[in-house]
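Mind docking these for me? Both chains are given alone in their own frames, and the hints should help you get the complex.
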Amino acid sequence: MTIIQPGTPAPELHLRREDGSPFTRAELEGRTTVLVFYPFAFSPVCTDQLNLYDDVLERFQEAGATLYGVSCDATYSQAAFRRQLGVRIEQLSDFEPKGETCRAFGVYHPDGFPQRALVIIGPDAVVRWSYQAASPAELPGANLIFDGLAAASSRPAA
Amino acid sequence: MSALRSAPVPAPGPEDHVRGSGSAPVVIEYADFECPHCAALSRRLEGARLRLVFRHFPVRSSHPRAWAAACAAEAAGLQGRFWEMHDLLFADQARLEDPHLWRRARELGLDLERFESDRRSEAVRARVRRDFESGVRAGVVTTPTVFAAGRMHSGRFDPDALAAA
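Protein chains in written order, with my numbering: chain E, 234 to 391; chain L, -2 to 162.
Next up, chain L with everything else stripped away, as it sits in the complex (with noise of 0.2 Å):
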């Protein structure tokens, strides 16, 4: 009964999506696809001098095709695509029903069948699970939030602040 109880936020390991320079500020983004504050930090966040560490929390009442865009960011990650599939999810939000998640893949030249195979495979909603379960033992409510430097940001917040940091 204790599994979500209080733990700090985890430390960036080999399994956590990274990009940006290793030597920049780490920032760690629990962020839902569907969320429409994501996509604006996002943007905000590209070209930063930061490393940036991405984390899924997506929350099924507020953002019914979250977990959909979720676990298809992980499936093209399966193919090494992950980031192009994050930038192309955050770029259309309005459209992520699973018509629109294939046009992705075939955009990417992702193999679709294993794509698909991949996107509903039980790994990859555990996987989808996993970031969002240490997110919730980190106190986080509401996307998207953010760690840098020992602090949690939520919500709206001045992503300058960050670089800053």
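This is chain E alone, in the form it adopts within the complex (with noise of 0.2 Å):
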């Protein structure tokens, strides 16, 4: 399985926000979004990927790009990660059908959890740049999601 590529017209969604709403491909019309996929919540780490994302958010926003979690745990579960966190970068739930969406994005491991991706993107939902990490003990750095951004800037969709 790989990662979706820049030019490709994002899938079809099935997510859910953490209040069970559905969050669909109509979403990201309008505005740059990032997909933040990780493996689990509640993964052992001390200073999470999450972590240092949402200390940058201001950031993120000036450059006009929204964040989101996205694993295939219950929304339940995000919600209580993210309050264990303390961070605001809204989750997203691949729970039912089960890693659905990020088949469709191509990051599913076959053990059964997205594998640690970054995807941009553009307001016109076409994806403008994607990362997958070596492995899911690699945190991708925030810089990365920078040098996406500026590169999804510069290259408009065709």
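Certain hints may be false.
[To be verified] Some chain E residues judged to face chain L by a derived CB distance under 7 Å, without partners named:
id	residue
1	N284
2	L290
3	I322
4	P369
5	E371
6	D380
7	A383
[Said to hold, decoys possible] Taking CB as the label site, the calculated pair distances span:
id	chain 1	residue 1	chain 2	residue 2	range
8	E	S368	L	R40	48 to 56 Å
9	L	A37	E	G345	32 to 40 Å
10	E	D252	L	D108	49 to 57 Å
[Claimed, not checked] Chain L residues, not near chain E, derived (Cβ > 10 Å throughout):
id	residue
11	P9
12	V15
13	Q76
14	R103
15	E110
16	R111
17	A135
18	V137
FYI, nobody ran anything at the bench for these hints, they're computed from the structure.
Here the structure is a predicted model, which is why all the values come from computation and not from measurement.
All C-beta atoms in this analysis are idealised placements derived from N, C-alpha and C, irrespective of residue type, glycine included.
See below:
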């Protein structure tokens, strides 16, 4: 499975927000979205990837980007995880059918969880940039997302 | 919008906090005074033949007192006692509230009024932020992260490997 490539229109999304409402492809339109796929809520790392991104969230906002965390955990687990981390980044659940959206983005690990991956989607709902960590243990730096946003803005969709 | 794009880790400069012999291998550490793994690493690096460069990497949402502690170390540094404060902060991470910071400042014989205004100053915050952002741009996510001999080591790693590098 290969991660979705720049220039590809985003697939339909079957995700749920923390309040249980659906998050669909239409939500991508009109703004730049960064999907942060991560393997599991509550995976044991001291300072999590999401903590770092949250610390520079204002800088992402300045860059016109909205970040979402995506995993296959249930919305209740995601909400509890977000509260435990103390981060503001909204979580989207790919719980049912499990991993369907992750599969559509090419980031579903064969063992049943999302790869650690980043996808930037333009206001036209076309993928502009994507990155998959070499392993779930690799934590991609926030710098990579800023690189991706810069590349995305200098390379409008064809 | 490109401010935090990738950039190589900056080479040690005159504004850095450095200790250890000038001829020893250089190790650049991004750390946070509230991070238990950072304290453990700091203890293990004591006495190693290294030239240690300390840079702040406080992540607010994981460690709410990390910024205050980093600014306290900088304020102590303005009175020439950065490393002493560094050691006192790592020695007791359960006590990082304001009165605990003042107690350390007194213990080091600092001018308390000056310490108090310095640690809250924009200059000190900017100094900490500069370290943090250089780390973000170099790809630091978690603490401690160490750069040695051109390689990045994150989280739990064997410090003995650094001395051997």
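Tested hints:
For E/N284, the interface hint holds, since its Cβ comes within 7 Å of a Cβ in chain L; the closest pair sits about 4 Å apart. Hint status for E/L290: violated, given a least beta-carbon distance of 10 Å to chain L, over 7 Å. The beta carbon of E/I322 is not positioned within 7 Å of any beta carbon in chain L (closest approach about 10 Å), and the interface hint is therefore violated. Among the interface hints, the one on E/P369 is violated; its C-beta lies about 13 Å from the nearest C-beta in chain L, farther than the 7 Å criterion.
Nearest Cβ of chain L to the Cβ of E/E371: about 9 Å, over the 7 Å cut. The hint is violated. Hint status for E/D380: holds, given a least beta-carbon distance of 5 Å to chain L, under 7 Å. For E/A383, the interface hint holds, the least distance from its beta-carbon to any beta-carbon of chain L being 5 Å, beneath 7 Å. A hinted range of 48 to 56 Å for the beta carbons of E/S368 and L/R40 is inconsistent with their spacing of about 29 Å.
The hinted window of 32 to 40 Å between L/A37 and E/G345 holds, with their beta carbons roughly 33 Å apart. Look at E/D252 against L/D108: about 52 Å separates their beta carbons, and that is inside 49 to 57 Å. Residue placement check: L/P9 keeps its beta carbon more than 10 Å from all beta carbons of chain E (closest about 20 Å). No beta-carbon of chain E is positioned within 10 Å of the beta-carbon of L/V15; the least distance is around 24 Å.
The Cβ of L/Q76 lies farther than 10 Å from every Cβ of chain E, with a closest approach of about 28 Å, so its non-interface assignment holds. Once the 10 Å rule is applied to beta carbons, L/R103 is consistent with being away from chain E; the minimum gap is 31 Å. A cut-off of 10 Å between C-beta atoms confirms that L/E110 is not in contact with chain E; the least separation is 31 Å. Non-interface status of L/R111 relative to chain E is upheld: no Cβ of that chain comes within 10 Å, the nearest being about 29 Å off.
The beta carbon of L/A135 sits about 7 Å from the closest Cβ of chain E, which is not more than 10 Å, so the claim that it is off the interface is violated. The Cβ of L/V137 sits about 7 Å from the closest Cβ of chain E, inside the 10 Å cut-off, so the non-interface label is violated.
Of the numbered hints given earlier, the model fails hints 2, 3, 4, 5, 8, 17, 18; all others are met.
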